[in-house]
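Visitor: Sequence:
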Amino acid sequence: MITFLNKIAKLPSIQNVLLLSHHGEALFCENNPPSLKIDPQTVTFMHAAIADLKTPKTATLYFKNGFIYLHSTSIGYVIITMKDNRNLEALEDACRKVEKQLEQENVGKKVLLNMLDKAEDRLKPQFIRTLVYFADKEVAKVLMKIIANLESLAANTRNEVLLAACQTIGYCSYFEATACLNAILSDHSAGKHPLNEYIVEAAELAVRQLEHIQPEKSEEPKPQQPKTQKVSTASNTAKSRNIPAAPKVAPVPQELETLPEKDQIVALAAEDRKTEAVKLIVGLINTATQNQQFDKAEALQEWLLQIEPMALTESIRATELIEESKKALIDENFYFVWKNIVDILSAEEFIALYHAMKRKSYASGEHLVQQGQIHSELFFVNTGRVQLYTHIDGREIPLQIVSEGGLLGHGTFFELSVWTSAAKSQGAEVFSLSYESLQKLEKKYPGIESKLSDYCSHIETSTTLLKKMKRSRRQLERKKISGKISFILLGADGKKTEAEGRGNILDISQGGVCFIVHSSQRKNTHYLFGKKIQLSIKKSNTNPAVERNGKILAVRDHDIIGNAYSVHVEFDTLLTGSELREIVAFNR
4 MITFLNKIAK LPSIQNVLLL SHHGEALFCE NNPPSLKIDP QTVTFMHAAI ADLKTPKTAT
64 LYFKNGFIYL HSTSIGYVII TMKDNRNLEA LEDACRKVEK QLEQENVGKK VLLNMLDKAE
124 DRLKPQFIRT LVYFADKEVA KVLMKIIANL ESLAANTRNE VLLAACQTIG YCSYFEATAC
184 LNAILSDHSA GKHPLNEYIV EAAELAVRQL EHIQPEKSEE PKPQQPKTQK VSTASNTAKS
244 RNIPAAPKVA PVPQELETLP EKDQIVALAA EDRKTEAVKL IVGLINTATQ NQQFDKAEAL
304 QEWLLQIEPM ALTESIRATE LIEESKKALI DENFYFVWKN IVDILSAEEF IALYHAMKRK
364 SYASGEHLVQ QGQIHSELFF VNTGRVQLYT HIDGREIPLQ IVSEGGLLGH GTFFELSVWT
424 SAAKSQGAEV FSLSYESLQK LEKKYPGIES KLSDYCSHIE TSTTLLKKMK RSRRQLERKK
484 ISGKISFILL GADGKKTEAE GRGNILDISQ GGVCFIVHSS QRKNTHYLFG KKIQLSIKKS
544 NTNPAVERNG KILAVRDHDI IGNAYSVHVE FDTLLTGSEL REIVAFNR
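Going by my numbering, the first residue of the sequence shown is number 4, and it counts up by one from there.
Rather than coming from a laboratory, the hints here were simulated on the basis of the structure.
There is no bait here: all hints are sound.
With a straight-line Cα cutoff of 25 Å, these simulated DSS-like cross-link-like pairs (lysine-lysine) come out:
{"#": "1", "residue 1": "K329", "residue 2": "K361"}
{"#": "2", "residue 1": "K148", "residue 2": "K265"}
{"#": "3", "residue 1": "K121", "residue 2": "K443"}
Build the full structure now, drawing on both the sequences and the hints.
Guide: Structure representation (structure tokens):
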């Protein structure tokens with residue numbers, strides 16, 4: 004849903020995109036330009052206006068300087084403010100499709116849970132309150148996890164998040180959640196984690212609501228004796244005893260498979276000696292943190308909660324220790340240099356970003372990357388300067404000097420393309436973030452990728468700089484055509500794989516072709532980038548198709564509503580002049 008709304012917001016005629024919950028809270032808001040803000044008063048006005056209109060399924064409101072399109076879904080109203088109606092028909096169709104998807108069983112709930120996971124801390128209470136309409140066991144478990152990791156949220160949002168979580172859990176009909184609520188009430192009474200009166204009241208009310216729910220019975224089938232077997236009196240006596248089932252042990256995280264104490268912890272948990280297991284894990288977290296093994300410490304902290312979900316105090320202390328230790332390693336000057344990125348990320352996200360990057364010093368004249376390379380890294384210039392330049396007709400054309408606080412490679416990093424310029428140090432210290440590291444960050448801090456991408460979208464790329472200079476790297480003229488193209492991906496050995504498909508050609512030259520493919524998820528297109536490919540292009544209804552091998556140099560967004568992506572291929576062998584003319588003539 005976030006991807007869908009972000010795509011709409013990027014259309015040139017769009018001014019605002021708002022997702023408004025059915026009880027009047029903003030769940031998503033994107034403005035174009037960013038300076039055009041929707042304030043709380045506007046949100047309240049929108050909600051009141053929808054009520055005055057008798058909550059219509061859809062509506063288009065016309066004004067002097069544009070209009071507003073409303074579309075109701077199971078999770079709230081999509082509200083789009085537009086300068087003109089050039090995209091209205093496509094927007095209506097896209098909203099109908101999304102509405103239909105959200106009406107499927109559990110889809111609306113899963114979308115909200117996903118948006119809650121990705122939301123900034125200040126927005127989480129709105130999502131939690133909206134989830135009351137979908138309250139069930141799954142929602143309760145997610146909210147229990149949020150309560151367990153409350154210390155990881157921004158300090159000024161914790162009380163509101165906890166209050167909303169307690170209120171929503173009360174409607175989830177999940178008796179096991181009472182243990183979590185009683186734990187925070189117990190910590191409050193003991194003075195460990197004092198709560199305000201509203202949270203205490205909400206937690207106590209939720210406990211009373213859930214106590215009317217019977218605990219879930221074990222779903223394990225009862226063993227049956229074969230009819231032919233005689234059951235002895237001793238056997239009957241043993242059978243009548245209330246023997247508890249062996250406790251289930253949380254699986255070992257992949258990151259901890261080589262941990263020497265792994266088997267000991269598993270054994271303690273299997274014997275239901277969870278207090279001892281927790282104590283051992285806490286000690287290992289302390290050691291890992293001291294050794295700056297933060298990935299290991301975080302994996303241990305997550306495993307701790309899986310083994311003993313009620314170890315809230317230990318989990319909170321471990322989270323605080325890890326975050327404080329990671330923060331202590333960051334130089335104050337780093338915060339100053341990257342203050343603009345500090346502003347768009349939470350404190351936890353910024354610290355995690357720092358530790359996900361690699362630092363390297365480049366001597367003057369040393370290249371960070373060469374033009375034409377496939378290099379999936381985003382560069383942060385911390386000190387010094389880096390020269391961007393490109394080669395055109397054998398000449399070196401300077402493009403830009405990037406100094407401290409500047410970024411390089413954002414165009415290729417987020418757009419999936421080869422480097423269209425080169426970067427040479429003039430004496431610089433540079434931090435680099437690999438695409439793989441960003442994906443790991445995205446799993447732990449959902450939304451961080453889109454925040455960085457949005458930040459970088461306001462920075463000029465080398466392609467933009469060249470356009471301003473009225474220069475072009477292209478030496479072969481492109482022809483606009485609209486035919487079909489078939490393709491097969493090749494393996495590293497040059498042999499055909501089973502991955503094949505079809506696309507619609509956008510343009511072609513003697514040196515390459517650009518065509519459109521559709522994919523429901525952006526991440527699927529990453530598989531294409533940099534791959535060798537065999538292409539088949541028809542030039543007539545009777546003669547054989549023209550075939551060429553090539554390499555995919557870029558995969559970019561094309562139709563941001565229709566999930567269409569442009570694939571840019573460079574041929575290994577140029578088309579002949581006659582081949583190009585025949586292809587263009589046939590596919591016009």
